[in-house]
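Given these sequences and hints, build the entire structure.
Chains as they are written, first to last, in the working numbering: chain Z, 1 to 208; chain U, 1 to 319.
No lab work stands behind these hints, which were simulated from the structure alone. Keep in mind the model is a prediction, meaning the values are calculated, not measured. Built from N, CA and C at the ideal position, the CB exists for glycine as well. Hints may be right or wrong, so weigh each one.
[As the list claims (entries may be wrong)] With beta-carbon atoms standing in for the labels, derived distance ranges: (1) Z:Asn149 with U:Ile155: 27 to 33 Å; (2) Z:Phe148 with U:Ser156: 30 to 36 Å; (3) U:Lys248 with Z:Asn149: 47 to 53 Å; (4) U:His307 with Z:Asn149: 54 to 60 Å; (5) U:Arg28 with Z:Arg25: 24 to 30 Å; (6) Z:Asn149 with U:Asp119: 31 to 37 Å.
[Claimed, not checked] Heads up, simulated DMTMM-like pairs for lysine to aspartate or glutamate below, C-alpha to C-alpha not over 20 Å straight-line: (7) U:Lys116 with Z:Glu35; (8) U:Lys68 with Z:Glu35; (9) Z:Lys112 with U:Glu85; (10) U:Lys68 with Z:Glu205; (11) U:Lys92 with Z:Asp104; (12) U:Lys116 with Z:Glu139.
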Amino acid sequence: MVIIETFTDYQIDALKELANIGMGRAGAKLSEVFEHRVTLNVPNVAMVDADKLDSLARKAESNSPIINIIQQAFIGDIEGRSTFIIGGHNFTDLVEILGYEESDAVDERRQKEMLLDISNAVNSACLSGLAEQLTLDIELTNPSIIAFNKENIELKDFFFKQKDQQTHQTLLFEIKFFIKDIDLYCDNIISLKISSLKNLRVALERLL
Amino acid sequence: MEGSGQFTEFSKLLQELSSIGFIILDRRMNVIFWNRFMELHSHIKSNEIINRKLTSFFPDVNEAWLSKKIRSTLVLNNQAVTSWEQRAYLLKLPSTQYSIDDVDFMYQNCTYFPVKNSDNTTIAVGIAIYDVTEIAISQRLLENVTEQALDLQEISTHDHLTGLFNRKFFSDQLVQDVSRCRRLDWGLGLAMIDADYFKQINDTYGHQIGDEVLKELAQRLQRTLRTFDSLCRYGGEEFALILPNVDKQQTLMICERLRECVNQSPIICGQQKIQVTVSIGTARFEKNKSLEEMIAEADAALYLAKHNGRNRVEQHQTK
Chain Z
1 MVIIETFTDY QIDALKELAN IGMGRAGAKL SEVFEHRVTL NVPNVAMVDA
51 DKLDSLARKA ESNSPIINII QQAFIGDIEG RSTFIIGGHN FTDLVEILGY
101 EESDAVDERR QKEMLLDISN AVNSACLSGL AEQLTLDIEL TNPSIIAFNK
151 ENIELKDFFF KQKDQQTHQT LLFEIKFFIK DIDLYCDNII SLKISSLKNL
201 RVALERLL
Chain U
1 MEGSGQFTEF SKLLQELSSI GFIILDRRMN VIFWNRFMEL HSHIKSNEII
51 NRKLTSFFPD VNEAWLSKKI RSTLVLNNQA VTSWEQRAYL LKLPSTQYSI
101 DDVDFMYQNC TYFPVKNSDN TTIAVGIAIY DVTEIAISQR LLENVTEQAL
151 DLQEISTHDH LTGLFNRKFF SDQLVQDVSR CRRLDWGLGL AMIDADYFKQ
201 INDTYGHQIG DEVLKELAQR LQRTLRTFDS LCRYGGEEFA LILPNVDKQQ
251 TLMICERLRE CVNQSPIICG QQKIQVTVSI GTARFEKNKS LEEMIAEADA
301 ALYLAKHNGR NRVEQHQTK
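Have a look at this one:
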C-alpha cells in the first residue's frame, strides 16, 4: 500500500523559498555558461494529481503553437523527473548561447543536440540548486527528447504518462527559465516520485 | 602527498584501459591525460599530445562548441553526454570494423564530466569516449530492413498501379470483416464496380492513357469512401468494395455516390477529356451465405447493371 505523504502549507512555502534561493544560484551559473543574463524563478510549488500534470505542462507553453519537450530523470536521495519545455522556434538563439555554428540552426540532428544540451544544462543547474539547499545527493540521467517540433495540441495524451502512477498526488516544482536579451522563455517542471516524498519531507524537517 | 600518490595509481589504471577512450582537458582545452585507447586509435602518443591543444590535432572539431561544453561542465559541475545519433563522433578516429567496408570512422558516444582535485574543486574536464560503431551500424541495418519489410508489405497488399488494395488483400479482408460483422450483428455490403467500355478507352487513347484513367478513377472512388471501407483492384478495370456496418439502403446510397463521382465530370489526361462511367452490382452478407456466393451475387448484379444500360447501380435480388 502506498502511504500518501502530505505537506503543510508552511512546508510548501518553505520549499518554495528554498527552491527560489537554489534557482538564484543556478541562474548565476547559467548566466556564466550562456554569457547572457539568465533568470530563474519558481512561481509554483504544489501537490497535484499525477494525472493532471499534462494539462499543466501544456498550459505552460500554450502561447507557442509548436513545442519541444525534453525529459530527464533524476535518481539518488530523491527521485523523479524534470521536464523541460521550450517553444518551437528557429534555433538561432540557441546556436549563439550554446556555441554552435549558424548552419546548425537548420540541421535537424544539431537542433536535437541543442535541445538536449540546453535541457541538460538547465536541469543540472536547477536540480543541483535544489539539492544544495536541501543537502540531498541527486544525479541526473541522460536527457531524451519526447516531443520534437510538435503541435502543441497534439500533445494530449502521450507525454506525461507514468506507468506506475494512478491518481496519486505528487509534488511538483514549476520553474520559469528565461533569457530576456534574446527573448527565450522556457518552462521546467520537476515532479517527484511519490515514493520520494518521504525523503524530501525528512530533509525539509531537518532544515526547519 | 598521499592523495596524489593515489591519483597516480588510478591514472595508471585508466591509462592502461583500452576499451574506453579517456581524455582529460584543462579549461584551455590542453590535453592533460590521454589513455592507451586514445593512443591506439588515434595513432597519437600520449607524450606527443600532452600539454598541447586538442583541436590542433583534430582540426575538424568545432572549437567554439567544445569550449562551451568544457566551460559548462566546469561551471555547472555536471555531467553531459553526446550521442552518435546526433553527432556521429567527437574526434574523427578510424574505424576498426574490418567486416563493414563502408564505415571509415568510429561512431562515438561521449560523456563529459568534472574532474576534481583533493579539495573537491573542479579543475578539469574528463571525456570518456565509447566506440559504438557496431550499435550504429546495426541500427542502420535495422532501419534498412524495416524499410524493406514495409515496402514488401506494401507490395504484397497493394496494387502497384492504383495504390489500392489488391485482390489477395480483398480475400483476406472480406473474411475478417464478415466475421467481425457477424460477431457484432452488423450488416455488410459488397460491391463490384466495373468501368464501362474501358476496352474502347485503351483502343482509342492507348494503354498509357488507360492506366492514367484507372489511377484517377481509383482516386475518385477512394476519396468518396470512409476509412474503414476497403476498396480493392479486383482485376483489369474491375474493383471490389467491402462496406462494413451498413444496411441495404446505405449500401445503395454509397454506391450511387460512387457512380456519380465518376459520372459528374470527365477525367482529364493531358490534352484529353475522357468521359468515364461505372456500373456497380451490390450484394449483402446474410447468415448461411458463403463468401463465394456473396461475390457471385454481386457479380450477377453487376451483369444486370451492364445489361440494363450501364452507368447504374443494381442490387442482387433474392428470389
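Inset, instruction - Quick one: which hint numbers does this structure break? Sort them smallest to largest. - result: Result: hints 6, 7, 10 break, sorted rising.
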